[in-house]
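In order, the protein sequences belong to chains A and B. Our numbering applies: residue 3 is where the first sequence begins, and numbers increase by one. Our numbering applies: residue 3 is where the second sequence begins, and numbers increase by one.
Some hints could be false.
As the list claims (entries may be wrong) - The calculated lysine-lysine pairs, modelled on DSS-like cross-linking and capped at a C-alpha distance of 27 Å, are:
# : chain 1 : residue 1 : chain 2 : residue 2
1 : A       : K78       : B       : K132
2 : B       : K131      : B       : K29
3 : A       : K120      : A       : K132
4 : B       : K131      : A       : K78
5 : B       : K131      : A       : K29
6 : A       : K29       : A       : K71
No lab work stands behind these hints, which were simulated from the structure alone.
There are 2 protein chains.
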Amino acid sequence: MFVLDQRLTEDTAVVCALNLCSVLLMKDSSVPWLILVPQRAGIREVYELEAGERLVLMEEVARASLVIKAIYGPDKINIGSLGNIVAQLHLHVIGRFRTDRAWPGPVWGSGEGVPYSKEGLEMSLMRLKKAFEGSA
Amino acid sequence: MFVLDQRLTEDTAVVCALNLCSVLLMKDSSVPWLILVPQRAGIREVYELEAGERLVLMEEVARASLVIKAIYGPDKINIGSLGNIVAQLHLHVIGRFRTDRAWPGPVWGSGEGVPYSKEGLEMSLMRLKKAFEGSA
């Protein structure tokens, strides 16, 4: 049975569910940072998914990239599957700006993020949900 | 016309060409680090590829992951598309070990790598080429 990793649960808020992935928003208001988690139990690596699931994953990553592009207009999209700390397969899709705290380095391991205000988080989740619905 | 970015050319050695991507080996003997470059001109982001090309890209990333797994037996595969420094779309596929210099952080921006010896580089390229041929 698929259960979301506890650390991912703590660090994120749920945006929506796509065909394969749960879409989560990292609680760091300083960068637009989505995490896609394929809703499959016991998967650590992309190659462990079935071929058909990998293709859906690719399309959902592209879709998340376009949602971030449309809402935030970043200079670059960064995509990553690391999992050195949280083993459950999850993909980061992050909008990067030349002015953000880690540019041009990766945001992973670049220090503490900036928490959202309650209203800021709600507003962001609403905009993201709407954008995913519009991108179906 | 597709031309490989100069910095990628300098930092890597060519392993082989797949249907979509050139496969390059980063000249850092301390981590098994492949770079896949879709042979398409003017592409910066994954979503700029055509949908069919994205699916081939996903399969070539999975294939590169399995080649690294088979040869090096890493603890984890890291996959990343950053491009904050080199704009030409390229995907990193890296075998990570609990004992490597950056674990559990990302290798990007984690400091200098360790150059291959001439023989070490030739040997690695030969093993990788053979593994890609065997995984076709």
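Evaluated hints:
no., hint, verdict
1, K78(A) / K132(B), "violated, 35 Å"
2, K131(B) / K29(B), "holds, 16 Å"
3, K120(A) / K132(A), "holds, 19 Å"
4, K131(B) / K78(A), "violated, 32 Å"
5, K131(B) / K29(A), "violated, 42 Å"
6, K29(A) / K71(A), "holds, 19 Å"
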